[in-house]
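Those sequence lines, one after another, are chains H and D.
Counting in this note's numbering, the first sequence runs from 1 upward without gaps.
Counting in this note's numbering, the second sequence runs from 404 upward without gaps.
Worth flagging that the hints you see were computed from the coordinates, not collected in a lab.
All C-beta atoms, glycine included, are put in the ideal place defined by N, C-alpha and C.
Treat the hints with caution; some may be incorrect.
Stated by the list, open to error - According to the in silico footprint, chain H covers these stretches of chain D (three or more CB under 8 Å from chain H):
(1) 425 to 431
(2) 434 to 442
(3) 454 to 461
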Amino acid sequence: MRDRVDEVSRRRFLLTAGVAAATVYGCRLSFAADVDPLLAGRQLVRYPEKTDLILLTARPPQLETPLSYFDRAITPNDAFFVRYHIFPIPTSVDLDQWRLEVKGHVDKPLSLSMDDLKRFPPASVTAVVQCSGNSRGRFAPRVLGGQWGDGAMGNAVWTGARLQDVLKAAGARASALDVTFDGLDKPAFPSVPDFVKALDLQRIMSDPDVIVAYEMNGQRLPMLNGFPARLVVPGWYATYWVKNLSEITVLTDRFEKFWMKPGYRIPDTPCGCVEPGTAPKNTVPITRMTVRSFIASPASGTRVAVNQPVALKGIAFDGGYGIREVQVSDNLGLTWSRATLGPDHGRYSFREWSATWRPTGAGNARLMVRAVNGIGESQGYEPLWNPAGYLRNVIEQIALVVD
Amino acid sequence: MRLLTAAVALTLVVTSAGVAGETVSITLPPESIALDAGRGMDQTQTSCRMCHSLDYITTQPGGGTAQWQGVVTKMMKVYGAPISDQDAKLIAEYLATHYGPR
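Excised from the complex, chain H in its bound form:
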């Protein structure tokens, strides 16, 4: 039954793809914007502690990672995307002054210095952080909000203190329900809601991989990625990964302020989607990431030679079940062949993959990639839609020109 649905969906996809295939692709190789209409005209900018990234907005800063960085499992710190919600953001932090307050429904409120935080047994996890609205600019019909391409994601080795150890040390009371997280970014006006996020206490206490990270790929965090510490919630979208963390508050009730409700919610349907252009009846907070995979190399629009092998490279990830398989297709999904998976960095990490493709004829070629996770979830031929532009996980493709 599932295969049949898959086949119907593929045929419908082919009808649309026929139109898309007529698109003329440029052949300059320097930057994805050359072949990606969404990113065309976006500036490459260099922010402090960062390499050249694609500017989405300057204030608050939102910077996107070029797709070329996703040919490897670990995203370099200086290429890591940046996303803030409110302004001003912290631009100077003195570790002598900085404290992480742990308060609220606790027996022993804490005011932790960085040295205090580092006295907890260190824990490391390799995990993807991806903006809920990554690829929002590709939604059709279009939706308002940050018009990201595909680069609002990255994967790093995060090291820090386990959040459950911190909450145990503070004596968080069992009767508590939610725990909130606030950072040093503060709104310019009191009427603008402060960026505060919440996690269920039981969820935290049952998940040793949720950490307060002070290291990213073995170095201190860049300021724009949350120096001196940020929350790491493996498998869940970046909205929970509060940066420049300063306050943890244990609450006896549910926290439903702006960035939890009405912000960052998805339709309360099995797919988190609704009929394009319609509004959901009920919503729930966005949580776990969907399955995605990308071809990062060669870049879309690259010219390749007929009968010469082309090395395909990219990454795949999901919300914590791990990637079981990656497949590529050169015939719009009629047949799929299995890619070779790279080293396993754990179920929350990017999984590198590679494959070799040999073009047999000249002309425009289209290569597609899809992944399957540990519980059999995959990606569809047609994108799912919701009004906030979240959860994008359609099958991705590149266009190559074969000479």
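For this one, chain H is given, so just place chain D on it according to the hints.
Just chain D, lined up with the frame of chain H:
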């Protein structure tokens, strides 16, 4: 060495051990986006820039008066932007004219 660029001042104060005494500072680059000239541009720039840079406008999908009126209303009602009803109308018209359906 990479961190000791003009943009990043990393100061290591005298310290006995670990990371205590470290101050990290950055300077954000200036905003460079400008809006199209036209009636209502001044009010649009002044009101929108109170909270965010103007690329929040220019990167959005183009839209008609209904879209932009909705956006301006959201900024006023949800985020509390202090914009008069008269300016709100002018701003929505300006945006629909210059950042209309593409």
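Are there three or more residues in the stretch 454 to 461 of chain D whose C-beta lies closer than 8 Å to some C-beta of chain H? holds (count 5)
ask   = Are there three or more residues in the stretch 425 to 431 of chain D whose C-beta lies within less than 8 Å of some C-beta in chain H?
value = Answer holds; 7 residues pass the 8 Å Cβ test.
*In terms of beta carbon proximity below 8 Å, does the stretch 434 to 442 of chain D have 3 or more residues touching chain H?*
holds (count 3)
Against the hints set out earlier in the document, no violation occurs for any number.
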